[in-house]
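K.L.:
What follows is the residue order along each chain.
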Amino acid sequence: MTKKKPVNARSLFFPIMMALTVLLAACSSGNGNEESSPSATTETATPTSSASASPSASETPAAEDGLYSINDFSNVKKNEGEAIKGGSITFGLVSDTPFEGTLNFNFYSGDPDSQVLSWFDEGLLTWDKSYVYTNDGAATYEVSEDGKTFTFTIRDNVNWQDGKPVTAEDWLFAHEVIGNPKYDGPRYDSNFTNIVGMAEYHDGKAKTISGIEVLSEKKLKITYIQSTPSLLTGGVWSYPLAKHIFGVMDVAKISASPEVREKPIGFGPFKVKSIVPGESVVFEKNPDYWRGEPALDEVVLKVINPTTIVQQLETGGVDLVDSFPVDQYPDNATLSNVEFLGTIDRAYTYMGFKLGKWDAEAGKVVPDAKAKMGDVNLRKAMWLAVDNDQVGKKFYHGLRWNATTLIPPSHPEYHDSTNPGVAYDPEMANKILDDAGYKMDGKFRTNPDGSELVINFISMTGGDIAQPLAQYYVQSWQAIGLNVQLEMVEFNSFYDRVGANGEDDPKVDVYQGAWSVGIDVDPSGLYGKDAIYNFPRYESAENDRLLAEGISEKAFDVKVRQDIYKQWQKLMVDEIPVFPTLYRAVLAPVNKRILNYAIGDGTNLYPYQIAVSQDKPFVKE
Amino acid sequence: MDKAPIPISSAKQPTAKQPNKSPSGWKIIWREIVRDKVAFISLIFLCLVILSVFGISLVLDQEQIVSVDLFSLKQPPSEQFWLGTDYGGRDVFGQLIIGTRNSLSIGIIVTVLTGLIGVLVGLVSGYFGGTVDNIFMRFVDFFMILPTLMIVIAFVTAVPKYSIVSFSLIMTAFLWMGIARLIRSKALQEKEMDYVQASRTLGSSNLKIMLVQVLPNLSSIIIVTMTLNLAANIGLESGLSFLGFGFPESTPSLGTLVSYATDPQTLESRWWIWLPASLLILVLMLSINNVGQALKRATDARQRKG
Amino acid sequence: MWRTVARRLVIMIPQILLLSILVFLMAKAMPGDALTGLLDPSIDPAAMDAQRVRLGLNNPWHVQYWDWITQAVQGDFGQSFRFKMPVSDLIGQRMMNTVWLSLATLILTYLIAIPLGITSGRFNDTWADRLITGYTYIGFAAPLFIFALLMLWVFGFHFGWFPTGGSVEPGTEPGTVQYVASKIYHLLLPAISMALITTVTTVQYLRSEIIDTKQKDFIITARAKGASEARVYNRHILRNSLLPIAAFFGYEITGLIGGTIFIENIFSYPGMGQLFLSSISLRDFSVVTSLVLLYGAASIIGALISDITLSIVDPRIRIK
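So the sequence lines, in the order shown, correspond to chains V, Y and A. Residue numbers for the first sequence follow the UniProt record's numbering, beginning at 1 and rising by one. Residue numbers for the second sequence follow the UniProt record's numbering, beginning at 1 and rising by one. Residue numbers for the third sequence follow the UniProt record's numbering, beginning at 1 and rising by one.
Bound-form chain V, shown alone (with noise of 0.2 angstroms):
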């Protein structure tokens, strides 16, 4: 199944909020090290293609000290047994809050929604394991010569589930709700300013996107300002919007509208059959679905608490979860009657250094020459006092693992496996900071110039761990003779500290933060010097030269582009105006009675073809 989530391919990095913990928390597997992550294993890894990549040896991956591997895992479930004809399967969204019910992809914000709507609806690009659109959708693309205007044509066969055409209409309808100033969904981003016009038509100026053309029923024009690589991964809306029922509304208020709510509609494999409001939804087949007839007659997606899912798993009381907390799995890896799928997930753990401040004037970052953590040389030794490699074996069974750059390795084309990072050495930090002047006065060290040094670090609650995690990291810089203090604060507070809106606690040196990242792989959101979720302030001229790079029309071979983010891995572990900690992974049990099923992408497998070996699910022995 791919799972695409409409999560705008372009940018896509969203902070990893701990306080809603469990839910993303959930997602962690990982290499048991940082050396045994390069090229090769990587592939192993994020295995594409359908049924191969399962090491098979050993189904539950098995555990040395208690330790595991993301290289044992597989992301696609094993199929035993003969499908049987139609059956019912149950999906547990894995939520301590009921979903919120937005449950359309041009207004949805949560991720439980963007759950429920995957079952129901899907966007008319799909993509490959490199997160490049292909022509196997819903619909297909050509791009122009200069690669700024990209023609579609929707399939045929591709109707709403109410039996009316999907339509070139309804795709530029979403462009016109998005780009209009009453929407209220967090949609309007660069993937939308990017188009020719779009801008005119969001301040009133047009009342048309000049950019966007309808060139028959099935067949859509657009026109990029820009033309980037970034643009082939996930940088075009593809969700529709059924103009014959939202047109008549009043974007402000389609999103609290039944048909968003309560009768919601798509042209997924599924269409929605009933809804209790933020706790379940039971589903039936779309037998007209574009792709074919699904293979399941039903499926219940229900929310179930994360304190319950083993219970659930073991019960049958569910068949598959969205997500599992990693830190259940060792208990419960030997579960007989579920499969533990995995996959490296697109995220990292990182910590930053505080370099600057944001001028809202002029939308930009301005770094402080004397910033208390200004010195390369402190920054460095502090990367070389954490042990990650055994954080993640300790805290995370070995399920989430040393970071070595800012590129994940679910990005397994432009993660550079070669670039070490910056390994543990206490020895060697604390010789950098003596060298570098920061000498030992009673317990701890002082500045160069011999004023006190003290540190003040934040970090998130939420999740178990959250609060040994960050005190063992003041432990090991304490270690090194760094007076480091450690202030817990909650999600809302700490991004609002480090600067999410542009006011910057001048209090706060580093911080402990996590992001998602998008499929493309274009990092700019995050450390350009325009972006305000640059939290560091960092700023210099190689690094805007390289990020210019990485999305410029030479950046269309793969080759090059992937030389420019090499380059710029090597730059940051050079200059760390951040330095990841850990990598993670996603873990998914699947009782064993599903088949066809898989996570990741690019596995060319999709939900219609889900099917079950037998009626009732195996239960726990």
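It cannot be assumed that every hint is accurate.
Unchecked claim - Some but not every residue of chain V turned toward chain A, in silico, with C-beta under 7 angstroms:
id	residue
1	Thr97
2	Pro98
3	Val276
4	Gly278
5	Glu279
6	Asn305
7	Thr308
8	Tyr495
9	Lys529
10	Ile532
Stated by the list, open to error - According to the in silico footprint, chain V covers these stretches of chain Y (three or more CB under 8 angstroms from chain V):
id	segment
11	87-97
12	210-219
What the hints contain is simulated information worked out from the structure, not anything from laboratory work. Built from N, CA and C at the ideal position, the CB exists for glycine as well.
Chains Y and A: place on chain V using the hints.
P.N.:
Chains Y and A alone, transformed into the frame defined by chain V:
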């Protein structure tokens, strides 16, 4: 009409001896507690807990206890760690001691502060009556309707950083009304008594009458209410910590230790993390309530055990 | 009496207004706002700002408050930012769950309290009485959240007798017998857990009330006249002791409010308490404010109902 909850042993023998509170109220209270074995044991237990918790926590290195040890995560009880360790490799026994100290401290601070404010407001309001009373009581009325738990949660969220003292202040702000009402009604009755009228005619100042004459007569009821409040406040604090709106983990409390039990695996297979704290809360509350009930009987002549 | 009731209702208005200002101020003082969670680097900060302006989040608090309160008095409590739907609809969805839960708890509370209280009061100082008072002492001391957690574990997880989350089985048609049965099944364990704790004060009260009444003159007279023991209890003592208890149910509402926050959280039961906690952490202010107001109003009305019933039951008590 006597609505007092009845003592456990419930040997209810209304052997009324003294119709009025005698000046030696403290003696009666003491005698009553010593006679009621359950209450006496509870009192001794409480004293022991308080002494040992505060005593041991002087010796314990708090920094050591909350420091993380990667190599001893989730260990079962052993000689080194009497109650094992949690997922951060931190000694649970140490956390239990510090946690009990913190929970008790907050409970006591809040009880004392609410007591002070409540007595002050109640006394002034009841003694003077009239407009003063009216204003104060409208104020109290307003606070009474607040959904306390929700307001405290909202408040704690709005104050990003708090210490034991500021946390206690937040709780105090929304918990003083009950006692104020009670004291007011008692003061209203008391001021009609002959001795107050007599003092007035003798020209004693209001302040003096209130503090020297009325207050001592209310002292026993104040003690009783505050004891019972103490249990409630400790309960509220641990409840807030349980929901995640109390203290950060670096300042352990009984509630945070119990909240570890929301993880099913801890609940099922690592009892040493949450069970001691849960039992301790239960026993503490039981003891405080026992003592409180005994005090209540002591101040209510009809229920005395003799 | 109706004049006093009317007067109480009128007093309620400034109280609620004051409460709304208090909550509003606290909401504004919380770090971050609803948009903080939407960190998405591909969204232009200017677009975020435009959203803030559209939502009025940049206005001074009193302007925002005025906007909100003028809408609120017309019954429009605003939009939930997170759920993208009117707050009143959202709360309406959740409210019924909490109401059912509270109602079930209340019923169970009395179902447990009355037999226990009567047994304990009638046969005081017997072993049965000691057992019951022992239970009330422990119940009085046991924090609700610890008890509920244990109940969930034992009966939800260990024995698997009850569902461990949600309010109804997916796919059941509203209005059918299965639907109602499933609803009841889902709220049974949370309600029992809460009732077993909340009932203890009522048991204690009933017990002492009965013991008290037993020694009243009219009972002694009735006995002296040769009325049977059963008649004495059923006709005289119970009537006198039960009525005040029934009247207390309005006050119970306040207690239930606190309880449901814990219970819904522990049993992942989608009601208002759970909504409140998640709205606080996601800074969905319009929901937070409305919920607090609703709870405030509920406890005022609850107290009023109790006062009225009490004054009807017992003419000596006058409400003012």
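K.L.:
Does V/Val276 pass the interface check with chain A, least Cβ-Cβ distance below 7 angstroms?
P.N.:
Status holds, d = 6 angstroms.
K.L.:
Using Cβ atoms only, decide whether V/Lys529 comes closer than 7 angstroms to chain A, and label the hint accordingly.
P.N.:
violated, 13 angstroms
K.L.:
Close enough to count: is the Cβ of V/Thr308 nearer than 7 angstroms to one in chain A?
P.N.:
holds, 5 angstroms
K.L.:
Does the nearest C-beta of chain A fall within a distance shorter than 7 angstroms of the C-beta of V/Ile532?
P.N.:
holds, 5 angstroms
K.L.:
At least three residues with a C-beta closer than 8 angstroms to a C-beta of chain V: is that true for the segment 87-97 of chain Y?
P.N.:
holds (count 4)
K.L.:
Hold the hint about V/Gly278 up to the distance rule: shortest CB distance to chain A must be less than 7 angstroms.
P.N.:
With Cβ-Cβ at 5 angstroms, under 7 angstroms, it holds.
K.L.:
Using 7 angstroms as the Cβ threshold, decide whether V/Glu279 counts as touching chain A.
P.N.:
Result: holds, 5 angstroms to nearest chain A Cβ.
K.L.:
Taking the least C-beta to C-beta distance, is V/Pro98 closer than 7 angstroms to chain A?
P.N.:
holds, 5 angstroms
K.L.:
Does V/Asn305 pass the interface check with chain A, least Cβ-Cβ distance below 7 angstroms?
P.N.:
holds, 4 angstroms
K.L.:
With chain A as the partner, please determine if V/Tyr495 meets the hint condition of a C-beta pair closer than 7 angstroms.
P.N.:
Hint on V/Tyr495: holds, closest Cβ of chain A at ~5 angstroms, below 7 angstroms.
K.L.:
Closer than 7 angstroms between Cβ atoms is the bar; does V/Thr97 clear it against chain A? Give me holds or violated.
P.N.:
holds, 4 angstroms
K.L.:
So is the segment 210-219 of chain Y in contact with chain V by the C-beta rule, three or more residues under 8 angstroms, or is the coverage claim wrong?
P.N.:
violated (count 0)
Consistency with the previously given hints fails for numbers 9 and 12, ordered from lowest to highest.
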